[in-house]
Every structure is written in structure tokens, then in C-alpha cells.
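Q: Dock chain B against the given chain A, drawing on the hints supplied.
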Amino acid sequence: NAGVTQTPKFQVLKTGQSMTLQCAQDMNHEYMSWYRQDPGMGLRLIHYSVGAGITDQGEVPNGYNVSRSTTEDFPLRLLSAAPSQTSVYFCASSREGGVNTEAFFGQGTRLTVV
Amino acid sequence: EDQVTQSPEALRLQEGESSSLNCSYTVSGLRGLFWYRQDPGKGPEFLFTLYSAGEEKEKERLKATLTKKESFLHITAPKPEDSATYLCAVLGPWGNKLTFGGGTRVLVKP
Numbered sequence: 001n002a003g004v005t006q007t008p009k010f011q012v013l014k015t016g017q018s019m020t021l022q023c024a025q026d027m028n029h030e031y032m033s034w035y036r037q038d039p040g041m042g043l044r045l046i047h048y049s050v051g052a053g054i055t056d057q058g059e060v061p062n063g064y065n066v067s068r069s070t071t072e073d074f075p076l077r078l079l080s081a082a083p084s085q086t087s088v089y090f091c092a093s094s095r096e097g098g099v100n101t102e103a104f105f106g107q108g109t110r111l112t113v114v
Numbered sequence: 001e002d003q004v005t006q007s008p009e010a011l012r013l014q015e016g017e018s019s020s021l022n023c024s025y026t027v028s029g030l031r032g033l034f035w036y037r038q039d040p041g042k043g044p045e046f047l048f049t050l051y052s053a054g055e056e057k058e059k060e061r062l063k064a065t066l067t068k069k070e071s072f073l074h075i076t077a078p079k080p081e082d083s084a085t086y087l088c089a090v091l092g093p094w095g096n097k098l099t100f101g102g103g104t105r106v107l108v109k110p
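These protein sequences, in sequence, are chains A and B. In terms of the working numbering, the numbers along the first sequence are unbroken and rise by one, the last being 114. In terms of the working numbering, the numbers along the second sequence are unbroken and rise by one, the last being 110.
Result set (DSSO-like, lysine-lysine): computed pairs, CA atoms no more than 27 Å apart in a straight line:
#1 A:Lys9 / B:Lys97
#2 B:Lys42 / B:Lys97
#3 B:Lys63 / B:Lys42
#4 B:Lys63 / B:Lys109
#5 A:Lys9 / B:Lys42
#6 B:Lys63 / B:Lys97
#7 B:Lys59 / B:Lys42
#8 B:Lys69 / B:Lys59
#9 B:Lys42 / A:Lys14
Calculated from the structure, these hints are not laboratory results.
Next up, chain A with everything else stripped away, as it sits in the complex (with noise of 0.2 Å):
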């Protein structure tokens, strides 16, 4: 199993620019989340997915958009990046939420915005 896949693992993009982080899980897990990691401030939630067609804001979600059509795909969309969005992406999923949440990772994905 591939377990949990993000594409890019690098990307840089130019202030306004419009892009999409990919995730991608094989474990036909319900729960799927998107984290940014920033040095010093641990992982912060940014929006999650109790399964397909739902989907809720987290601690930081401004700038931020979200879409589970399927139960294996949750993309992660950038409007229009700013180098505050500079940061480490990360994908990740479980069973279900709650207290089984054993959740396993994506690599990351590296963004910078200049």
C-alpha cells in the first residue's frame, strides 16, 4: 500500500499565484485532514474531512479551500498565495476522527511564496 501520497513535495510560487496541493489515500480511511508546519508552532489544522461530500474549517483555514468528492482525494487549494502561506503541507488521514485517531502522514508538501 502506498499508504498516503501529496504532490508536490516542492513548490514555489509568485504572490497571487493560484495552485493545487494533492492527497491522495489507499487506505479507504473516512478521515482526512490538512495540517501546515511552521518552526515553532507544531502542526495547525487548516480543514478536514469526515468523508466524502463533507468537509469543516479548522484552526487557520483563510486562504485556504477545500473538496472531498471521493473518498480517496482531498485537494488542498490556494487562492491566491502569500508568503505567510510559506510553510510545510501536510496530508493526513484515519480511520475515523475522534479518539481512534491513529492518523498516518503524507512526506509534505514544501511551500514558498515569494
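A: Quick look at chain B alone, frame taken from chain A:
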């Protein structure tokens, strides 16, 4: 608002030198405390879930314990391959949001 503080930020150990990492938390109604390991350039990897004060879990040289205010990750006789960043996270009473601490970077020298 849930808060998680990990200390120290960084820890340098000699191979075989046991030590402990601290995770202090403030949450109204803890449903679970999670430990993850993260290697450079990779995503976090799940280690343990602790649910109630007094609970302990072990995996190889790692042992996690939980009290009502903090959790400890004890590393016994560490080896260089234990070098990584260790992350702690809590799940509060509502929803599915995990709150992570800033992590402790551990370097074990041979």
C-alpha cells in the same frame, strides 16, 4: 482553547544516556493524548495514544506516561536511530481537532 507545550525544545544525548521529554497540556476534558515521531523531511509517524491518567504504553526503548497535567516520553538507552523530533498532541472534548505542541528535537550521538 487547548494548549500543548513541549520541553525541552532540543535534547542532545549520548548513546545509552536515558532521558525524558515533557508534554504539558491544558484542555477541558481530555479524550486522548498522542505521541508522534517525525524524521527530517518526512511526515509524523504515530507512536502512542494515552487516554487516562496513570496509563503507560511502551514500544522498544520508548515509554509514554500520562498524568492529569502532563505526559512524559521516556527514552531508555537510546540509539542513534532514535534521533528525531517527537510531537505530542491532545484531543479535547469536542470535535476531531488535534492540538499539537512544538515538538522536541532529539539527537543521539554514538
